[in-house]
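Q: Listed here are the chains, written in short residue letters.
Number of protein chains: 6
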Amino acid sequence: MSARILVMNPNSSVQVTAAIDAAMQPLRLPGGPAIDVDRLPSGPPSIGTQQDVDGVVMKLVEWVRGDDADAFVLACFSDPGLHAVREAAIGRPVFGIAECGILRALMLGERFGIIALSGRSVQRQQRYVRQMGVAERYAGSVPVDATAGETAGETAGEAIRERLAQAGRRLAEQGADVLVLGCAGMAGHRRALEEMCGRPVVEPTQWAVVAAIGAVVLGRG
Amino acid sequence: MSARILVMNPNSSVQVTAAIDAAMQPLRLPGGPAIDVDRLPSGPPSIGTQQDVDGVVMKLVEWVRGDDADAFVLACFSDPGLHAVREAAIGRPVFGIAECGILRALMLGERFGIIALSGRSVQRQQRYVRQMGVAERYAGSVPVDATAGETAGETAGEAIRERLAQAGRRLAEQGADVLVLGCAGMAGHRRALEEMCGRPVVEPTQWAVVAAIGAVVLGRG
Amino acid sequence: MSARILVMNPNSSVQVTAAIDAAMQPLRLPGGPAIDVDRLPSGPPSIGTQQDVDGVVMKLVEWVRGDDADAFVLACFSDPGLHAVREAAIGRPVFGIAECGILRALMLGERFGIIALSGRSVQRQQRYVRQMGVAERYAGSVPVDATAGETAGETAGEAIRERLAQAGRRLAEQGADVLVLGCAGMAGHRRALEEMCGRPVVEPTQWAVVAAIGAVVLGRG
Amino acid sequence: MSARILVMNPNSSVQVTAAIDAAMQPLRLPGGPAIDVDRLPSGPPSIGTQQDVDGVVMKLVEWVRGDDADAFVLACFSDPGLHAVREAAIGRPVFGIAECGILRALMLGERFGIIALSGRSVQRQQRYVRQMGVAERYAGSVPVDATAGETAGETAGEAIRERLAQAGRRLAEQGADVLVLGCAGMAGHRRALEEMCGRPVVEPTQWAVVAAIGAVVLGRG
Amino acid sequence: MSARILVMNPNSSVQVTAAIDAAMQPLRLPGGPAIDVDRLPSGPPSIGTQQDVDGVVMKLVEWVRGDDADAFVLACFSDPGLHAVREAAIGRPVFGIAECGILRALMLGERFGIIALSGRSVQRQQRYVRQMGVAERYAGSVPVDATAGETAGETAGEAIRERLAQAGRRLAEQGADVLVLGCAGMAGHRRALEEMCGRPVVEPTQWAVVAAIGAVVLGRG
Amino acid sequence: MSARILVMNPNSSVQVTAAIDAAMQPLRLPGGPAIDVDRLPSGPPSIGTQQDVDGVVMKLVEWVRGDDADAFVLACFSDPGLHAVREAAIGRPVFGIAECGILRALMLGERFGIIALSGRSVQRQQRYVRQMGVAERYAGSVPVDATAGETAGETAGEAIRERLAQAGRRLAEQGADVLVLGCAGMAGHRRALEEMCGRPVVEPTQWAVVAAIGAVVLGRG
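Those protein sequences? They're chains X, V, F, B, Z and E, same order as listed. Take 89 as the starting number for the first sequence in our numbering and just add one per residue. Take 89 as the starting number for the second sequence in our numbering and just add one per residue. Take 89 as the starting number for the third sequence in our numbering and just add one per residue. Take 89 as the starting number for the fourth sequence in our numbering and just add one per residue. Take 89 as the starting number for the fifth sequence in our numbering and just add one per residue. Take 89 as the starting number for the sixth sequence in our numbering and just add one per residue.
Keep in mind that a hint or two might mislead.
Given that identical chains are not distinguished, each listed pair holds provided it fits within a single copy or across any two copies.
[Said to hold, decoys possible] Keeping only pairs whose Cα atoms sit at most 25 Å apart, straight-line, the calculated SDA-like set for lysine to any residue is: (1) K147 - S130; (2) K147 - I248; (3) K147 - G286; (4) K147 - L196; (5) K147 - R208; (6) K147 - G120; (7) K147 - P132; (8) K147 - T137; (9) K147 - P133; (10) K147 - V102; (11) K147 - G136; (12) K147 - E282; (13) K147 - A106; (14) K147 - L128; (15) K147 - A260; (16) K147 - R92; (17) K147 - A91; (18) K147 - Q262; (19) K147 - Q103; (20) K147 - R249; (21) K147 - Q254; (22) K147 - L117.
Everything labelled a hint here was simulated from the structure, so no lab data went into it.
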């Protein structure tokens with residue numbers, strides 16, 4: 089099979105892109121589709137504000153129009169422009185990591201919690217969970233007040249992992265029996281957080297790529 | 089009072105802008121804020137696709153940054169970029185006509201229906217109603233398959249009014265006891281449709297401007 | 089315009105009525121409708137029990153039947169008899185401050201909290217929020233254990249403001265990013281509470297009158 | 089056991105009261121509580137408008153205060169003043185037939201439908217189902233455009249039964265797999281409607297009295 | 089009346105069966121149906137895991153097929169096999185104590201809490217409350233980490249009551265204004281817990297039998 | 089990779105098992121896990137009644153206990169015993185095709201509809217959709233009144249495909265913009281139905297196996 093999945097990091101961080109790329113390794117099966125990970129060089133270093141989110145949408149649309157990949161994954165937990173990108177991809181499947189990560193969490197527990205970057209992303213997640221129609225399953229979001237790059241280890245080193253675990257434990261106290269990482273940059277912490285929090289942890293980019301592999305192999309549906 | 093409300097039409101249609109402007113007339117109270125209506129010359133003629141919606145967001149952000157109005161109304165029923173524009177307005181209130189129109193409808197009946205432009209906007213409205221958390225009150229959307237300009241009378245003349253009424257009557261059969269006009273361009277049809285459909289009809293731009301007047305006069309909250 | 093809005097305080101407290109009247113001042117626009125505020129002399133001093141609520145309903149119906157105002161506002165957060173009064177008003181719009189205040193809050197945050205008078209009103213608010221179909225957006229209610237008159241400053245002086253702020257801060261901890269004042273008597277505290285709680289605060293009678301102005305000016309819809 | 093349950097018909101119809109009384113017969117167990125059925129002579133002949141509903145509330149409160157029954161059943165599908173009457177009953181249990189009938193229906197099917205008196209009561213039922221928090225189980229209400237007395241056979245004879253069955257069959261088409269009679273006066277039609285509609289039918293006054301018997305025997309909880 | 093209700097305890101505990109039998113005493117009315125309580129000798133000592141739940145279902149189906157009772161009550165808060173047993177009972181009514189207990193609680197407060205045996209049963213209850221469609225009314229479940237037999241007094245004596253009360257008080261703090269006992273074995277603690285927790289407490293087997301009496305006497309509906 | 093996924097058909101139909109096996113072909117990637125499909129010889133020929141569903145649960149538990157596969161897929165749209173099997177699998181992931189198929193559908197449209205075998209399975213699906221907490225996205229189920237084997241072509245030949253398409257088109261009229269096949273036996277009809285209904289169609293066993301591949305490759309989360 090010569091199919092190819094493009095994982096699009098809407099921020100410009102090289103370190104976040106590398107963290108995502110590393111997380112893809114187990115999904116690169118010999119007979120499966122190729123998995124390319126790339127960043128949006130003109131994107132912001134981290135997507136924090138709503139203007140950051142909305143500011144990359146048309147750039148992602150352009151990117152998809154100009155790339156012949158068989159499927160696309162938007163590797164930002166705000167799922168920026170998911171429906172506009174789907175229009176632009178004309179039949180080729182597009183996956184948002186928030187949508188995929190949250191739906192995956194529904195298989196692993198009764199109530200999911202999200203480890204969020206910031207208070208602003210918490211409100212965005214509240215809106216998105218309602219938009220998805222799964223609010224009955226939502227225990228809440230707890231922010232770590234960091235950038236995507238910091239969670240990927242750009243500067244904060246090991247300290248960030250403990251902050252992620254603290255957020256995860258607070259979510260567990262609030263009733264979450266499964267956790268979702270609220271940023272693609274957090275990918276490298278999944279297994280450690282499962283240990284530290286005593287809960288299954290969903291790494292959403294991995295899971296979105298699983299879905300993309302399925303869609304490519306099966307031809308939609 | 090020298091306050092000013094800016095009603096922003098994100099499409100470029102002169103006729104839609106004129107229809108909105110006419111609908112503002114009763115809201116221009118001697119002692120109240122001024123109400124300016126303008127269009128986005130670089131916007132699409134009508135906002136139909138999701139790319140149309142997302143493509144105007146950063147332009148609206150720019151517009152708000154460069155205008156010293158005291159409050160803003162986004163006069164497109166997709167509420168394009170509502171949260172990004174709110175960030176950019178830095179404390180000045182911003183109203184989306186879909187949000188305002190739907191909340192107004194909740195005061196007038198038990199279940200509201202939306203007269204939509206197209207099938208594509210129906211799906212967008214389904215997402216938005218869920219995002220607002222008011223799906224229990226939603227009877228559905230019925231499309232008329234027209235552009236904003238056509239509903240404003242650019243070309244279709246009286247024929248369009250009958251199509252709007254047909255959609256309204258179908259919504260009534262589906263259980264809607266109050267109707268919301270799903271496009272700012274439909275403003276001139278409100279009273280006629282109330283007669284033709286036997287239901288109260290919300291013109292959302294008018295109602296968003298009512299809210300804007302309140303916010304300007306009261307100073308938020 | 090010679091239109092007139094009647095704001096009906098269903099309790100007999102002169103002080104609560106005065107607090108409401110003061111809060112109306114910015115809404116009395118030169119070219120806008122007149123805004124009269126009056127109390128129900130035969131009403132209870134404060135509306136606490138469900139019997140207090142239901143006991144004023146038919147009196148409000150009589151009042152509306154005998155007054156030629158163009159629109160009515162029920163200035164009690166229990167929205168007593170809202171639907172019966174609407175019937176009696178025969179086409180003239182009637183607004184409940186709980187309904188209006190809660191819908192306004194949906195524009196200002198993702199999850200609203202209500203500063204309530206008593207535990208009994210908390211249960212009433214839980215029922216009402218469900219009846220409105222907006223429970224997904226509700227963070228909860230916290231009571232201050234006071235009467236309407238006490239919140240309006242009849243006896244408690246400044247002490248009551250701190251209690252209101254405590255309730256507001258507890259709601260913020262419970263996830264409320266916008267607060268609603270759960271009694272018309274609390275009107276004078278809005279701006280101060282915004283400072284003290286770090287959250288937008290909705291004064292519901294003001295907002296119901298904004299809606300009434302809109303309805304009067306626009307002629308329903 | 090010398091306990092006594094009072095079934096209160098809030099309308100003044102002798103025929104409706106007789107229909108309710110007849111429906112109580114199987115519930116009068118030798119060792120169980122006595123079951124008295126009475127009407128509110130000062131009530132309206134039928135409860136149709138919201139003013140009819142709200143107009144009887146304080147009269148029901150008075151009635152309960154002056155009667156030493158051990159439990160009370162409000163035999164009107166609008167559950168008029170349920171919470172005020174509960175306050176006035178001071179610890180003695182009070183049951184509303186709408187609440188009891190709807191909860192019973194949840195045991196008999198996945199989605200219940202209500203055979204309603206009028207369009208006005210349909211809207212009331214929509215509000216009440218939301219207030220109860222069971223809207224996910226609600227298939228809808230269909231009105232027969234009759235008064236309580238007509239459904240009890242005051243004038244309409246057999247013709248009314250066919251109209252009730254038509255409403256029931258329409259609800260079945262809308263997805264209802266269990267029906268609730270939306271008026272105490274319809275009590276005599278239950279078994280016939282089960283045959284005619286092919287669905288279990290809940291007679292709500294009977295079921296509310298079952299609950300009252302349980303509460304009296306068990307002492308709450 | 090020679091009708092008979094069979095209360096089926098799906099676990100094999102003699103002590104739990106005795107606790108249930110004792111709780112039935114006030115419901116054995118002279119003129120009412122006989123109430124037999126029995127246990128499943130081949131059932132597990134306590135139902136904790138999901139395999140315990142699912143492992144008894146076909147045994148309950150067999151039991152019902154071989155017993156000529158007029159109505160059945162499944163006396164385990166997991167409502168094991170409720171729908172399969174209903175099929176097997178061919179027209180004779182079958183009641184699950186969780187379903188009945190939860191619906192009863194909806195009449196007594198705005199938000200119910202469940203005193204659960206274990207963390208595992210908490211997750212089961214979360215699923216069941218959603219399945220019932222009443223999650224808007226659910227304050228949560230708190231486990232006591234005990235077996236059915238322990239709550240019935242097999243070994244733990246008075247100590248267990250205090251643990252039940254602690255769980256009840258924690259639920260009250262989480263907003264529950266009515267409590268449901270999450271195991272048939274807890275039946276003997278109801279009145280004491282009402283005192284200790286300051287909330288009405290529903291004993292679900294009693295209430296399911298109330299419903300069964302009603303169904304037997306009325307002939308369904 | 090020497091991992092192995094076991095797809096368990098809980099009915100005994102050889103033809104259904106063959107249809108499932110054929111649908112797995114594209115998912116057997118050279119470098120991916122092996123995919124075995126087998127049937128439960130002691131299962132019923134088709135799973136129709138609730139007793140059929142519950143009757144296979146403990147057999148599936150036994151099967152999983154005795155098989156060393158790395159992941160399991162329950163290939164029956166009733167997801168029989170999903171949580172009991174998960175317990176028995178002790179850490180090895182287990183997927184239900186209804187859960188996976190429905191979650192997949194949420195990525196492809198706003199409202200999903202299910203092509204069901206029978207009216208009985210419709211009620212089961214209504215319960216399950218509520219249990220999953222996704223009822224806001226559910227347009228409904230329409231039955232074809234067939235057995236699993238018939239949909240797999242045991243007897244009905246091409247006629248069955250037209251009946252499936254009719255159900256799909258009726259769901260589309262009811263607002264479904266994506267369809268889910270409600271039986272593993274329908275697998276061979278997916279592509280044809282997409283054409284015939286003009287909607288994306290989810291084949292749930294395929295999609296559950298996609299998820300199983302992901303889980304095996306990633307090691308949970």
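Q: Does each hint fit the structure? Answer for all of them.
A: Hint-by-hint comparison with the structure:
{"no.": "1", "hint": "K147 - S130", "in the structure": "both (8 Å within a copy, 17 Å between copies)"}
{"no.": "2", "hint": "K147 - I248", "in the structure": "neither (30 Å within a copy, 36 Å between copies)"}
{"no.": "3", "hint": "K147 - G286", "in the structure": "neither (39 Å within a copy, 31 Å between copies)"}
{"no.": "4", "hint": "K147 - L196", "in the structure": "between (34 Å within a copy, 23 Å between copies)"}
{"no.": "5", "hint": "K147 - R208", "in the structure": "both (22 Å within a copy, 22 Å between copies)"}
{"no.": "6", "hint": "K147 - G120", "in the structure": "neither (28 Å within a copy, 35 Å between copies)"}
{"no.": "7", "hint": "K147 - P132", "in the structure": "both (12 Å within a copy, 18 Å between copies)"}
{"no.": "8", "hint": "K147 - T137", "in the structure": "both (17 Å within a copy, 16 Å between copies)"}
{"no.": "9", "hint": "K147 - P133", "in the structure": "both (15 Å within a copy, 21 Å between copies)"}
{"no.": "10", "hint": "K147 - V102", "in the structure": "within (18 Å within a copy, 28 Å between copies)"}
{"no.": "11", "hint": "K147 - G136", "in the structure": "both (17 Å within a copy, 19 Å between copies)"}
{"no.": "12", "hint": "K147 - E282", "in the structure": "neither (35 Å within a copy, 32 Å between copies)"}
{"no.": "13", "hint": "K147 - A106", "in the structure": "within (21 Å within a copy, 32 Å between copies)"}
{"no.": "14", "hint": "K147 - L128", "in the structure": "both (8 Å within a copy, 20 Å between copies)"}
{"no.": "15", "hint": "K147 - A260", "in the structure": "neither (37 Å within a copy, 34 Å between copies)"}
{"no.": "16", "hint": "K147 - R92", "in the structure": "within (20 Å within a copy, 34 Å between copies)"}
{"no.": "17", "hint": "K147 - A91", "in the structure": "within (23 Å within a copy, 37 Å between copies)"}
{"no.": "18", "hint": "K147 - Q262", "in the structure": "neither (38 Å within a copy, 36 Å between copies)"}
{"no.": "19", "hint": "K147 - Q103", "in the structure": "within (21 Å within a copy, 31 Å between copies)"}
{"no.": "20", "hint": "K147 - R249", "in the structure": "neither (32 Å within a copy, 38 Å between copies)"}
{"no.": "21", "hint": "K147 - Q254", "in the structure": "neither (35 Å within a copy, 40 Å between copies)"}
{"no.": "22", "hint": "K147 - L117", "in the structure": "neither (30 Å within a copy, 34 Å between copies)"}
Of the hints listed earlier, those the structure fails to meet are numbers 2, 3, 6, 12, 15, 18, 20, 21 and 22, in rising order.
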